[in-house]
Amino acid sequence: MSKIPCSKCESLLQLYLDGELSEGEVRVAEAHLDECGYCRRHYRFERAFRAYLREALRAEPMSPELKVKLVALRSDAQPGERL
Amino acid sequence: MSEQAPDTAGRGLAEEARGRVRFEEEALSYADQIYQVARHLAGSKEEAEELMQETYARAFRSWRSYTPGTNMRAWLLRILTNINIDQGRRKQRRPPERSLEEGDYSLYDRLEQAAGDGSTGDEERLLQRLSQSDVVDALAALPHDFRDVLVLVDLGEFSYQETAQILSVPIGTVMSRLHRARRLLRQSLASSLGGEK
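Chains as they are written, first to last, in the working numbering: chain A, 1 to 83; chain B, 1 to 197.
You may find that some hints are simply not true.
Stated by the list, open to error - Residues from chain B that face chain A, not an exhaustive set, calculated with beta carbons under 8 Å:
| # | residue |
| --- | --- |
| 1 | Tyr56 |
| 2 | Phe60 |
| 3 | Ser62 |
| 4 | Glu124 |
| 5 | Val136 |
| 6 | Asp154 |
| 7 | Leu155 |
| 8 | Tyr160 |
No wet-lab data here; the hints were simulated from the structure. Ideal Cβ positions, reconstructed from N, Cα and C, are used throughout, including at glycine.
Work out the full structure: start from the sequences and follow the hints.
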């Protein structure tokens with residue numbers, strides 16, 4: 001297993017995960033991932049890290065009080081109207 | 001001066017009122033999602049709640065400027081980020097002087113080193129070595145321009161183009177800020193593992 005960092009794959013990895021590569025670039029990235037175990041492991045890690053980040057940063061849901069305040073801002077809201 | 005038949009004018013008004021109600025209902029249906037993003041764009045829960053109210057008040061006032069069928073979530077977040085920036089609530093932070101030469105792979109490498117050989121190939125187990133509070137703190141410590149982009153792309157799941165439109169910056173700026181934000185976040189988290197062997 002090669003431990004040599006692959007700078008090309010590294011530079012494409014985030015764009016690849018963000019779905020921001022062109023079709024041609026996707027083919028280049030995927031061909032590289034197919035043949036490079038080192039980059040493939042990093043790809044799997046980055047994918048898992050994003051899911052972890054979303055989970056770790058999930059805020060508490062908005063409070064019911066705030067929801068009521070937002071609903072009350074509507075043009076036709078009546079005083080005291082609930083969700 | 002043109003005259004309109006009363007019933008035609010009445011129908012027009014009724015149609016406008018229905019359109020407004022539809023707009024308000026749709027906007028409110030996104031409130032939970034908007035709040036999740038707002039919570040990390042604002043400095044505290046209280047600021048996020050104020051920001052939400054100001055955003056929805058402005059959105060409901062300017063509902064006519066929304067084009068039906070376009071991305072309402074992005075439209076609402078554009079209002080929210082504008083208010084956040086206009087009010088100057090955010091403390092300006094300079095990016096750390098730390099070198100950004102470490103590559104994107106460094107966090108993985110540090111986690112792997114910290115875990116020893118046993119966890120290689122088990123990404124979820126490696127990630128368990130990071131604490132949730134370290135992640136929250138590392139994000140909060142990013143300079144706000146970087147944090148905004150990271151939150152919109154990684155939490156809001158907006159494309160680079162949508163993020164550029166929300167923040168009114170060129171797409172190249174989104175890409176460079178995102179690149180730096182991710183590196184800084186990963187470096188910060190790698191540093192948080194510093195005491196481990």
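Each hint tested on the structure:
A distance limit of 8 Å between C-beta atoms decides the matter here; for tyrosine 56 of chain B the minimum to chain A is near 5 Å, and the interface restraint holds. For phenylalanine 60 of chain B, the suggested interface contact is upheld, since its CB lies about 5 Å from the closest CB of chain A, less than 8 Å. Annotation: serine 62 of chain B was flagged as interfacial toward chain A, and the flag is violated, the nearest CB pair being 12 Å apart, outside 8 Å. About 6 Å separates the beta-carbon of glutamate 124 of chain B from the nearest beta-carbon of chain A, less than 8 Å, and the hint is met.
The restraint placing valine 136 of chain B at the interface with chain A holds, with a minimum CB-CB distance near 7 Å, inside the 8 Å limit. About 6 Å separates the beta-carbon of aspartate 154 of chain B from the nearest beta-carbon of chain A, less than 8 Å, and the hint is met. A distance limit of 8 Å between C-beta atoms decides the matter here; for leucine 155 of chain B the minimum to chain A is near 6 Å, and the interface restraint holds. Checking tyrosine 160 of chain B against chain A: minimum C-beta separation of about 6 Å stays under 8 Å; hint holds.
The structure shown violates just one earlier hint, number 3.
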